[in-house]
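**Student:** Make the full structure from the sequences, and use the hints.
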Amino acid sequence: MIKKNFKNNKKYGNTSYIRLLNYAKPHTMKFIFAILIILFIVVIELYQPVLIGDVVDKFLVHYGIAESNIDTNLNNSNIIGVVKIALVYFASVVAIFLLSYAQAIILSRTGQKIIYNIRMELFNHLIKLPINFFTNNPIGKLVTRVTNDTEALNEMYTSVIVNILKSIFVLLGIVITMITYNFKLSLLTFTVIPFIVIFTFTFEKISKKIHRQIRNKISSINAFISEHVSGMRIVQVFAVEKEIFDKFDNENENLRKEHMKQLFTFSIYNPTNFVLNITAVSILIWFGSKMVLEGTITVGTIVIFQRYISKFFEPIQELAEQLNIVQSAMAASERIFGILDEEPEIKEDSNSIELKSFKGKIEFKNVWFSYKENEWILKDVSFKVNPGENVAFVGATGAGKTTIQNLICRYYDIQKGEILIDDINIKDISLTSLRKNIGQMLQDVFLFSGNVKSNIRLLNENITDEEIIESSKYVNADNFISKLSEVYDTHVIENGAAFSAGQRQLISFARTLVFKPDILILDEATANIDTETEVLIQDALKKLMKGRTTLIVAHRLSTVQNSDKIIVMHKGEIREEGNHQELLSQKGIYYKLYKLQYEQAL
Amino acid sequence: MNNKIKSKKTTGFMKSNYIRAFLKKYKFNYLLGVISLIVVDIAQTRVPIIVGSVIDQIESKNFHMTLISSVIIKLVSISIAIYIGRIAWRFFIFGTGRSIEKDIRNDMFLHLEKMSSRYFQDNTPGEIMAYMTNDLEAVRMVLGPGILFLIDVLAMGTITLYSMIVQIDPLLTLAGVVPLLLIAVSVRIMGRENRKRFRNKQEAFAELSKFVQEQLTGIKVIKSFVQEEKTIDAFERNVKRTYEKNMHLIKIQSLMHPFMQFISGLALAVAIGYGGYITIKQRITLGDFTAFIQYLSMLVWPMVATGMTINIFASGAASLERVESILNEPVEIKDSENLSNIDTLLGSIEVKNLNYKYPNTENQVLKNINFKIEKGQTLGIIGRTGSGKTTLVTLLLRLFDVDKNTVFINGEDLLNIPLKLLRENIGYVPQDNFLFSDTIKNNIDFGVRKGEMDKIIEAAKDSVVHENIIDFKDGYETVVGERGVVLSGGQKQRISIARALIKNPEILILDDSVSAVDTDTEEKILKHLNEKRKGKTNIIIAHRISTIQNSDKIIVLDDGKIVESGTHKELVHKKGLYHSIYEKQLLEKMLEEQK
Ligand SMILES: Nc1ncnc2c1ncn2[C@@H]1O[C@H](COP(=O)(O)OP(=O)(O)OP(=O)(O)O)[C@@H](O)[C@H]1O
Ligand SMILES: Nc1ncnc2c1ncn2[C@@H]1O[C@H](COP(=O)(O)OP(=O)(O)OP(=O)(O)O)[C@@H](O)[C@H]1O
Ligand SMILES: [Mg+2]
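Protein chains in written order, with the working numbering: chain B, 1 to 602; chain A, 1001 to 1595.
Hints were generated in silico from the structure; no laboratory data involved. For each residue, glycine too, the CB sits at the ideal point set by N, CA and C. Errors might be hidden in some of the hints.
[What the hints assert, rightly or not] Calculated lysine to aspartate or glutamate pairs in the DMTMM-like style (CA-CA distance at most 20 angstroms, straight line):
hint	chain 1	residue 1	chain 2	residue 2
1	B	Lys436	A	Glu1229
2	B	Lys257	A	Glu1137
3	A	Lys1220	B	Glu343
4	B	Lys592	A	Asp1520
[As the list claims (entries may be wrong)] For each label pair, taking beta carbons as the anchor points, the in silico distance ranges come out as:
hint	chain 1	residue 1	chain 2	residue 2	range
5	B	Glu573	A	Lys1527	22 to 30 angstroms
6	B	Asp564	A	Gly1576	35 to 43 angstroms
7	A	Leu1182	B	Asp246	51 to 59 angstroms
8	A	Lys1527	B	Glu461	51 to 59 angstroms
9	A	Glu1137	B	Ile179	43 to 51 angstroms
10	B	Thr490	A	Lys1404	44 to 52 angstroms
11	A	Leu1182	B	Val83	19 to 27 angstroms
**Tutor:** Right, here's the structure in full:
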């Protein structure tokens, strides 16, 4: 998937520029305003030397010759004049100060707002991507896109847009003045332009590639940190710190190498401008001196042209710097757009059905499913669950039990067949109403940082504290929660790492029940819980789920034997189906499993 | 972590001993960088002089084209020198910045590897990620561009100031320079504020990173409870905070440039007024006046550069504090001073009067634990959820530290056994099976890293996962995704068992490690353990009696205490807690029999 994203990048190219600019569009007025301010500043800055010139020309020239006697009256009026100009100069300084600060703030705020919007759009999209996407992309990399990559766009908006326009204006101005001043000399100087263009384009190409690599390496490092910090305990327990460090060092060195490459391209490109500058000057001197000899121009022209040339290279240098920011922003934006262009979760028909509640009938009709092409995980699976029934799935690990549950909640779309709930194909039911009415307790428990309450109600403020306590009592979690120092307000750290595995499972169980689903799906919900608690939970569940459909997966047959129906899976197929007694009398897989457990227990 | 930073007194970037050590280590690089920088600067000043003189020649019309070509050759060679010089200083200054960045990042990771589990409970991967990229970048900015600016500012500033003071009326200089002194003062104030705001910004960024990391880890919960919209709202609050902190910082950072311009402008205004006045009073000549004005305008660039340098250094200092807060975190779990001089470890374990509280908690999790097992024996542990089973075994691994003289392995106090030796001799299958996003093969081989395929397959067979693996299209080369997402619960668990078995450790710890596998498979795994682990010590935690009933010794934990211990037979006869669990697990079957 990641590799695929990178291939995708190629097709972006210029569209990325346009897309990035589109984010700036709503702020056009602000950009125009900022440019106007800049123009104003330029005018004032041009006026400042005039002021200084005035001081000298109007008031001080007479004092050029030492000891010239000038009467005190004139002295006084000169002093007043000088002070006046000093004050005007001061006023211009204040004006520039205020204007440039205002301009900087306007642009920064705009830039930050755009980033704000991009981040929102990105996260909005990201969170709606299918589970499959998260399976294939390391979390650290995704985090990098929301945080670092968006941050890298900042300068694009705060400096590039305005400065590029400014540089282009300045450049045009200089070119026009040069041409009007002396056409022939101008043309001679402009012979360096093709070289600039060629250099710049080559540079752009190379630097784009390097920038991409850098972004790529940064996110690899982040992914590495994210994963290994999460699993540091395993690294330590297996005493492989050294080996893991070597791997990290390698990633780190890769990034440094890319940075060094970038540095070299830069150090080759940047002075190139300077060399071309000198070349232009040399051309000027060579041909200029000839022309002076011929008498076609004066030395003054050479002097002025030499100034123009250095002025000419200023905006070019400026543009080159901007170009680099653009490249870096491009590389970051490609990665961002890569996510935005991912297909959002399983397409929903616009006329999908909203359902307030389910009766609870579930039917699989000849369902075929695979995660990866041609590796069928479910093969022609058909079964039916009537409203209110309690159905259990058993079978060897990896048989496809969890997969079936994932399909009911539509985390994946099936390749062949149909899944119906209340006789409606789940593809026609809106995802929200489908998942809202199904309570699924996942095999892998996850707790968020926050407190016990917030982990049970999640972000639903309308679930009351009483409901939380009630459902915790059902699953016997209240027992240990009430012993915690701050009871239900006890702080929970990420992953719930300060709870025992069973305690985490109980909290997650309470969370599932508090939402009062019409269909309850439990995947190994009590695997890490002691027998005593398990029995209590089962009794509570029996009462609670009366009349509601329940699907459970369990390996302990004692948990499933009272189900209305038991489905025995084997390598993606349904092998046996029936209630406990029926299955025992079939003397098949279930019978064998049962006997095993029974014998073990003796 | 964050609180600690706030309370700490702020110190300068260059005052940090950690940074100084790097500057020392790379001093030749920096020195060469500075030299090439100076060479480039000097060479650059030659260019206008050469051009100026040739123009004078042209003006006199008294020249030959050979002169022109020699001048051009001169120019070209100078420009080549500059070209090389510029490459050199970039390489030496910026490149060194990158090298130090890498060194620091390595140091941080190395240090993190020594941190205890407690540390990782308080510091999440999302935050750490932000520290190791975002903050490090700010530090790197100082070590590259920051140092460059600093040298530039110092060099240009001193040269200009020096010539001003020496060549022109000292009084005037003073009048011009006094406003410049304003900078020194405001720099200090702004620098401090700047740093504070930058720290807040970095904190907000780390929070954002932490939030996104956590939510994406729990994405399946979000989806299954349809919490997307609300999570987006919560995200927006985070983004808003970063926006605000950023703007707060920008307000002061983008003040720097205009402010420096303002102060140099102010100096010029004063110079015009006062300088004009004393020129009229004929204390200085007009020439002095214009020269002075020129010098002052030459100071504008160093001033603006000063502003940028301040920004870079203030940010760098704030981030360095954060980086150092990781590096300075004390190592809690390490080899003791009176380390035993042993190089093998046999698996006899004795626990004496062990009491345990998790750090910073009140709750006594283990109370007066006493037991002893000989090498080669199997210990079964059973007990309610939260009774302390996992805690007990993680203490053996020194994921958290116990008191002295409470736990002995091979007769040695646990705390005196070299940490590496200890962990190399224990195979641990944790309750949550964390796998790395690597191939199945490498995951099994994680602790051994020899890549011996036959050993890997043997371990996979012993943990009864081999059949599953060869069913995959890519077999042992299948990449399992982060945390093993593409595997079923039972497959993860058994790969995690294989990962411990392949070490063939003296002590094997299975923490509820067959909870996600079916009875048939469990039976097989236990049988293999029985055969392969002869003469080695095993500790098996389970909720099912069937998993542990053949152990040499079983302890029953309840609320942190050992309430019963003995063999299966003895315990069943005792009619205590064990017996009641046994009854319950058996009862259901009995009921069935009657039906
Ligand atoms: N995201 C995925 N991508 C690819 N393959 C997957 C994915 N999730 C599961 N599988 C594969 O699908 C098969 C069925 O997995 P599933 O989780 O449904 O098994 P299960 O019956 O629930 O097993 P267990 O009892 O161990 O939980 C397994 O072989 C597994 O490796
Ligand atoms: N890191 C920690 N910090 C603080 N308290 C903890 C931490 N880990 C566990 N606890 C607490 O210590 C007690 C014992 O936890 P432990 O994980 O040892 O239980 P357990 O017997 O393994 O339970 P289970 O059968 O559910 O796995 C629990 O009350 C738990 O909340
Ligand atoms: Mg445990």
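**Student:** Indicate, hint by hint, whether the structure satisfies it.
**Tutor:** Okay, the hints, checked on the actual structure:
1. Lys436/B / Glu1229/A: holds (13 angstroms)
2. Lys257/B / Glu1137/A: At roughly 16 angstroms apart (the allowed maximum being 20 angstroms), Glu1137/A and Lys257/B satisfy the hint.
3. Lys1220/A / Glu343/B: holds (18 angstroms)
4. Lys592/B / Asp1520/A: The hint holds at about 9 angstroms.
5. Glu573/B / Lys1527/A: 22 to 30 angstroms: holds (27 angstroms)
6. Asp564/B / Gly1576/A: 35 to 43 angstroms: At 36 angstroms between Cβs, range holds.
7. Leu1182/A / Asp246/B: 51 to 59 angstroms: holds (53 angstroms)
8. Lys1527/A / Glu461/B: 51 to 59 angstroms: holds (53 angstroms)
9. Glu1137/A / Ile179/B: 43 to 51 angstroms: holds (44 angstroms)
10. Thr490/B / Lys1404/A: 44 to 52 angstroms: Given about 31 angstroms between the Cβ atoms, the range is violated.
11. Leu1182/A / Val83/B: 19 to 27 angstroms: Holds - the Cβ-Cβ distance for Leu1182/A and Val83/B, about 21 angstroms, lies within 19 to 27 angstroms.
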